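Visitor: As a plain string of letters, each chain reads:
There are 2 protein chains.
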Amino acid sequence: MAAAAPPPPPTPTPSPPFTLPETTPIGNPLFVRIRLATKSDVPHIHKLIHQLALFERLPHHCSATESSISATLFNSPPFHSFTVFLLEVSPHPFSPSPHPTHPFYPPTIKTTNLDLPVSDPEKEVFRSDENDNDVVVAGFVLFFPNYSTFLAKPGFYIEDLFVRECYRRMGFGKMLLSSVAAQAVKMGYGRVEWAVFNWNVDAIRFYEEMGAQVLQEWRICRLAGDALQAHGH
Amino acid sequence: MAAAAPPPPPTPTPSPPFTLPETTPIGNPLFVRIRLATKSDVPHIHKLIHQLALFERLPHHCSATESSISATLFNSPPFHSFTVFLLEVSPHPFSPSPHPTHPFYPPTIKTTNLDLPVSDPEKEVFRSDENDNDVVVAGFVLFFPNYSTFLAKPGFYIEDLFVRECYRRMGFGKMLLSSVAAQAVKMGYGRVEWAVFNWNVDAIRFYEEMGAQVLQEWRICRLAGDALQAHGH
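Quick note, the sequences are listed as chains U and L, same order. Everything in the first sequence is counted per our numbering, starting at 1 for the first residue and increasing by one. Everything in the second sequence is counted per our numbering, starting at 1 for the first residue and increasing by one.
To be clear, the hints were calculated from the coordinates, so they are not data collected in a lab. These figures come from a predicted structure and were not determined experimentally. Errors might be hidden in some of the hints.
30 Å max Cα-Cα, derived DSSO-like pairs, lysine-lysine [said to hold, decoys possible]:
hint: 1; chain 1: L; residue 1: Lys123; chain 2: U; residue 2: Lys174
hint: 2; chain 1: L; residue 1: Lys153; chain 2: L; residue 2: Lys186
hint: 3; chain 1: L; residue 1: Lys123; chain 2: U; residue 2: Lys39
hint: 4; chain 1: L; residue 1: Lys186; chain 2: U; residue 2: Lys39
hint: 5; chain 1: L; residue 1: Lys153; chain 2: U; residue 2: Lys47
hint: 6; chain 1: L; residue 1: Lys174; chain 2: L; residue 2: Lys153
hint: 7; chain 1: U; residue 1: Lys123; chain 2: U; residue 2: Lys174
hint: 8; chain 1: U; residue 1: Lys186; chain 2: L; residue 2: Lys153
hint: 9; chain 1: L; residue 1: Lys39; chain 2: U; residue 2: Lys153
hint: 10; chain 1: U; residue 1: Lys153; chain 2: L; residue 2: Lys47
hint: 11; chain 1: L; residue 1: Lys39; chain 2: U; residue 2: Lys174
hint: 12; chain 1: U; residue 1: Lys174; chain 2: U; residue 2: Lys110
hint: 13; chain 1: U; residue 1: Lys123; chain 2: L; residue 2: Lys47
hint: 14; chain 1: U; residue 1: Lys123; chain 2: L; residue 2: Lys153
hint: 15; chain 1: L; residue 1: Lys123; chain 2: L; residue 2: Lys186
hint: 16; chain 1: U; residue 1: Lys174; chain 2: U; residue 2: Lys186
hint: 17; chain 1: L; residue 1: Lys110; chain 2: L; residue 2: Lys174
hint: 18; chain 1: U; residue 1: Lys39; chain 2: U; residue 2: Lys110
Same shape as in the complex, but just chain U (with noise of 0.2 Å):
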């Protein structure tokens, strides 16, 4: 049910649209876009999988395609199953994005001021808009429903996520991992979760902040290759 409607304000002249600053920046502006990931996104969801394969150093464990990641994601409706936010930046505001809008999950949109502009050597693979030639890729979270028992509600786990090198220590994680978390609050879900190497203590003090707590007794079991093929028989 909408909250009453406040009665109308007292003062009869109509005065101009108050602009929140941060969205008519002064310097070195960066704007900021995250939106629902598609099918036409997977060449650039590939290479960013692979940068983070190479980051965790473990690029002999990666062995994804685009014709993989093609086959496997993006077949269901968001939010019930594997879902990708991308996050794109412009040097200025966005034009439409080309990519189709989910009724349920609009592109949001932020802005940032850069003490200094962003070099990007990688700017040429990693154009989004085919019409806009500074729209690039940033980052990406993929994500999927996960549930808890005890609270006997779905949550979301975040499996992956990732901002490209020349893009880090500006907020941006934090704007994906927030994004991840907004929607869960909307579906009324009960957690987030994810997982952190236990020696990357920058990122457990940024997930901290965050409001996150660290569980420190669990341990994750993975059975995979022969171990799993041999409950097939």
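Dock chain L against chain U, hints included.
Guide: For chain L alone, coordinates are given in the frame of chain U:
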């Protein structure tokens, strides 16, 4: 591709069909059925979840009710979202289950032979077949799809696996875990994962014997309660 068929055996005389000893056990047989749970099983699942919370010494963290479980489970086809396998036992062979059977997952039935018959103090409250007083629910496993970006493949995550106290140390936990693994193999999935308390050395040894790897470096992060709600504004 199927392997080439072996040549027909040279014995022309028909012989009676060979019967495995474990299908006609002597002593104290226990017949075991693993089947997909449905909404009609929610009262049993609710009791099992609360027993699990007691076992983990976290009953104060468990707020699940029959109605909250019923509202959040069994709203999607099995395997594509939250899925429950139920373990039922009976001292005599099962009649066909009164519960609806899923075309892609007919119930699996096994037989075990015990040194002593089981004395089940909660037999009355865990009865699950109105036509057969001896069929009782002994445990469950709740799982759902997860996704590995490095493999570009789905997997399964096991949220809960529980066997009631009087049915432990009979191989039923392994049977439930193995059923999930077999389903993952059948669907071409890449992994089955779950979490274990680091002090639960018996469980860790059991999982390692099943071929699972315990990931020592990863920690689970959780955003919940007020800290989660803060992201909704």
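Visitor: Evaluate each hint against the coordinates.
Guide: Hints versus structure:
About 51 Å separates the Cα atoms of Lys123 of chain L and Lys174 of chain U, which puts this hinted pair outside 30 Å; it is violated. Of the pairs offered as hints, the one joining Lys153 of chain L and Lys186 of chain L holds, with about 13 Å between alpha carbons and a cut-off of 30 Å not exceeded. For a cut-off of 30 Å, the pair hint linking Lys123 of chain L to Lys39 of chain U is broken: about 51 Å separates their Cα positions. Between Lys186 of chain L and Lys39 of chain U the alpha-carbon distance is near 26 Å, which keeps this suggested pair within the 30 Å criterion.
Simply put, Lys153 of chain L and Lys47 of chain U have alpha-carbon atoms about 16 Å apart, close enough for the 30 Å limit, and the pair holds. A C-alpha spacing of about 24 Å is found between Lys174 of chain L and Lys153 of chain L, which places the hinted pair at or below 30 Å, so the restraint holds. Between Lys123 of chain U and Lys174 of chain U the alpha-carbon distance is near 22 Å, which keeps this suggested pair within the 30 Å criterion. In summary, the hint linking Lys186 of chain U to Lys153 of chain L is supported, as the alpha carbons are separated by about 28 Å, within the 30 Å threshold.
With a C-alpha separation of about 15 Å, the suggested pair Lys39 of chain L and Lys153 of chain U falls inside the 30 Å cut-off, and the hint holds. Using a Cα cut-off of 30 Å, the hinted pair Lys153 of chain U and Lys47 of chain L holds, with the two alpha carbons roughly 16 Å apart. For the hint linking Lys39 of chain L to Lys174 of chain U, the alpha-carbon distance of about 38 Å lies beyond 30 Å, and the restraint is violated. Taken as a hint, the Lys174 of chain U and Lys110 of chain U pair is honoured in the structure, with Cα atoms around 13 Å apart against an allowance of 30 Å.
Our distance criterion of 30 Å between C-alpha atoms is broken by Lys123 of chain U and Lys47 of chain L, whose separation comes to about 56 Å. With a C-alpha separation of about 29 Å, the suggested pairing of Lys123 of chain U with Lys153 of chain L holds against the 30 Å cut-off. Between Lys123 of chain L and Lys186 of chain L, the direct Cα distance comes to roughly 34 Å. Violation of the 30 Å bound is thereby established for this hinted pair. Under the criterion of a C-alpha separation no larger than 30 Å, the hint pairing Lys174 of chain U with Lys186 of chain U is consistent with the structure, at around 18 Å.
Restraint check for Lys110 of chain L and Lys174 of chain L: the C-alpha separation of about 13 Å stays at or below 30 Å, so the hint holds. About 24 Å separates the Cα atoms of Lys39 of chain U and Lys110 of chain U, which keeps this hinted pair within 30 Å; it holds.
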